[in-house]
Amino acid sequence: MMTTLSTSLNALPAEHRQRLMRIAREVSFPAGTRLFEEGGHADRFWIVRTGSVALDTHVPGRRSPVIETLGHGELVGWSWLFRPYVWQFGAEAQTPVRAYEFDATSVRLMCDDDPALGMAVSQWVGRVLAHRLQAARTRLLDLYAPYGSGSGVRR
Amino acid sequence: MTAVPMTAVPAAHGTSVPVPYRVVARWEETPDTATLRIEPVGEPLPPFAPGQFAMVWAFGRGEIPLSVSAIPTTGGLAHTVRSVGAVSEGLYAAEVGQVIGLRGPYGTGWELEKAVGQDLVVVAGGIGLAPLRPLIRDAVADPGTYGRLNVLVGARTPADLMAKIETRQWRTAYTGVTVDRPDDRWKGQIGVVTKLLDRARFDPHNATAFVCGPEPMIRATARALVHGGLAPSSVRVSLERNMRCATGHCGHCQLGPVLLCRDGPVVGWDRAEPLLYTREL
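Chains E and Y, in that order, give the protein sequences.
Numbering of the first sequence is given in full-length UniProt numbering, commencing with residue 1 and proceeding in unit increments.
Numbering of the second sequence is given in full-length UniProt numbering, commencing with residue 1 and proceeding in unit increments.
Excised from the complex, chain E in its bound form:
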């Protein structure tokens, strides 16, 4: 497996990772469970162990379109780290999901108490965000259209 080490929890130094894992709770969700709703208070986050979580957004009058799916080793939720701690999207278990759940307030307090841990966690979440921004930009190119978003010779 080519793990994206820079965006997985393993990117954290071992001592910081162990401190985080000490407050992790093992949770599981049946398929279809709503983990959080757009606009809600971001009070926790998850690392997916197995299964798949879909991020979606609310569009009045139609089924919520799914923006992205997250799987093994991926972070679900980053809004807990930045004020005003409000979810930007909704999330739903697409399949049965097992995950590690973290209480956001506890993690933020740990980060406040230990600037080194705070820096490591911020950098980790920052890398996740950068990775997702890059993926979103790539998708904006409409890669799979004939000749991508550019023009080409059509014969």
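Part of the chain E face toward chain Y, derived, beta carbon under 10 angstroms:
1) S8
2) I67
3) T69
4) L70
5) G73
6) A135
7) R139
8) R155
The following residues of chain E were derived to be distant from chain Y, with all beta-carbon distances above 12 angstroms:
9) M21
10) R25
11) S28
12) P30
13) T33
14) R34
15) D43
16) F82
17) W87
18) R108
19) L109
20) A120
21) L129
I should point out that these hints are in silico values taken from the structure, not numbers from a laboratory.
Virtual Cβ for every residue (Gly too), placed ideally from N, Cα, C.
Position chain Y relative to chain E; hints supplied.
Showing chain Y alone in chain E's frame:
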């Protein structure tokens, strides 16, 4: 397009004269893409290797380069064509029994044989799966020769996925399919195809990747693979340019010092990357 009656003629190997092939089967892959199974009317062209291409004639319209999308052991060939212009529209609409013209084989192949003993990572964008299909079939048919086979497919929508049933049937270490824009029935992955690399099973230090799709997708995928530890020379990409003569003479397909009809379409990322990032090319 009107079918042109043809009689058996000797194949004109090494010339620019198209050899007649008859469409013996046709099926739709996506709403604008079809695969044509063809057999020679007379003497066949020399054997094609996976990744190579033919110049395919729609008589009365012109010719376009098309990679082979199947090389059946029983003979004949298959080409997959997306209707995007006058010639490709004519080929897309070709009916069973109709005769088309072929020149070839041209260009470099995937060279799967150089990846013996290695894990294989096949990454396809949209109908980029078509040129990769013969390679995947070879790897599936000979599992003891290679390491773990991974097939990653990305498409714009579920309707744009080709060979859906066959993709599910390939025996691989990992098969991942993702789309950018799901419909209401889609239950699979959503996101860019590069995300699937995290789920694929391979040793980056002993793997070869084969990538085909639109050029922005190739660039994003090759960068992710190299970032993940693959040597640039172990990432083989299929590039598309405006191929005309296919014999390295006209220069239409020139990319810097490379004539893609002759030196490509399959090249190593170590060679392709500096050319693709040169603005003047």
